[in-house]
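Here the sequence shown is numbered in numbering that gives the first Met the number 0, starting from 0 and rising by one per residue.
Fair warning: there could be bad hints in the mix.
With a straight-line cut-off of 30 Å between C-alpha atoms, the simulated BS3-like cross-links for lysine-lysine are [as the list claims (entries may be wrong)]:
1. K123 <-> K113
2. K337 <-> K90
3. K228 <-> K126
4. K74 <-> K113
5. K46 <-> K16
6. K126 <-> K20
Think of the hints as simulated: they come from the structure by calculation, not from any bench.
Computed from a predicted structure; not experimentally measured.
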Amino acid sequence: MNIIKVLVVDDSAYIRKVVTKMLSRSPMIDVVGTAFDGEEALELVEKYEPDVVTLDLVMPRGDGLSFLKTQMQRKPVRVVIVSIADENSEKVLEALNLGAIDFVHKPTSLASEKLFEISDELIKKVKSAAGVKLNTLAKSSGFGLTPRPARLIGSRKNHADIVVIGTSTGGPQALRLMIPQLPADFPVPIAIVLHMPVGYTEMYAQKLNAISQLEVVEARDGEELLPGKVLVAKAGRHFKLDRLSSGRIVAQLDVNPANTLHIPSVDVLFQSAAELYHERVLGVVMTGMGADGKQGSAWIKSQGGTILTEAEDSCVVYGMPRSVDEAGLSDKSAPLDKLSQEIINLV
């Protein structure tokens, strides 16, 4: 059993102690050191060479973003953000752009037993982060790939009337590289489920819209799906599709089914698209932990649709695409820098 070496970074001595205690519950994790700010963290990363760093974002001397900018240029390191969501949502998105793998929300910054609520999630995400290849991490960060616009070639008849995309860990970075490569005249709507906590998807969509040729928005209930428009599922609501009596296809946001591991669920979106569009669906499963998207891909395939998966070499976490590939549901696999062109080819 390989022991995961972790460096805990937070300006609060109490939180450093609690995070260390939580992580130490796992026999697979060894907290090798703690740092009170980004500057000390830079020194201790060099000293201890941790497998994973848990990182606060707001610290008085060298904040989390400064640490990420400097460290990722020196040598990529696996980082899980541990932050208060409401206060730092924009900083969390920037941290993901800089190469952080995942994030866990502190329920409070106070000395409170409430902090222990995140224990299981934190251990799970640290273990997942430890499996990320450092060369893949470097490519997925802001210091890696540069988006290059893909091209629509010719005027052949569309093979799909909708593209549905599912992704999780590593997804914010991957979509930020892939969506801007799609051309302004992309001929069909795109619907995306990205596993993010409540309060992040609207801002994420706005930031993605700012760098894309397509219009990117957080999905609203009843919003029409239109060619060249990208709808990102709202965190905390399933994203389904509905056909109105007029024939228009619109977004339907719902808390049911409530028994899914994730809300929104990739499986729910994919099944909904398959039921409405049948063989005219292209499903894309990108980097992410777990198997959300496998059952949905089976639904799309059962209706004659097509499934494209992100290749292992470019995935931050090769979990969701692996589950689809190993089930024999993927029609084609492509690395992140080729995904947009493959989507165009298949559409």
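Results for each hint:
Under the criterion of a C-alpha separation no larger than 30 Å, the hint pairing K123 with K113 is consistent with the structure, at around 18 Å. Proximity of K337 to K90 is assessed by CA-CA distance (about 29 Å); at most 30 Å being required, the pair is judged to hold. About 36 Å separates the Cα atoms of K228 and K126, which puts this hinted pair outside 30 Å; it is violated. Proposed proximity of K74 and K113 is contradicted: the alpha carbons are some 35 Å apart, above 30 Å.
Proposed proximity of K46 and K16 is supported: the alpha carbons are some 20 Å apart, at most 30 Å. Between K126 and K20 the alpha-carbon distance is near 16 Å, which keeps this suggested pair within the 30 Å criterion.
In summary, the numbered hints that this structure violates are 3, 4.
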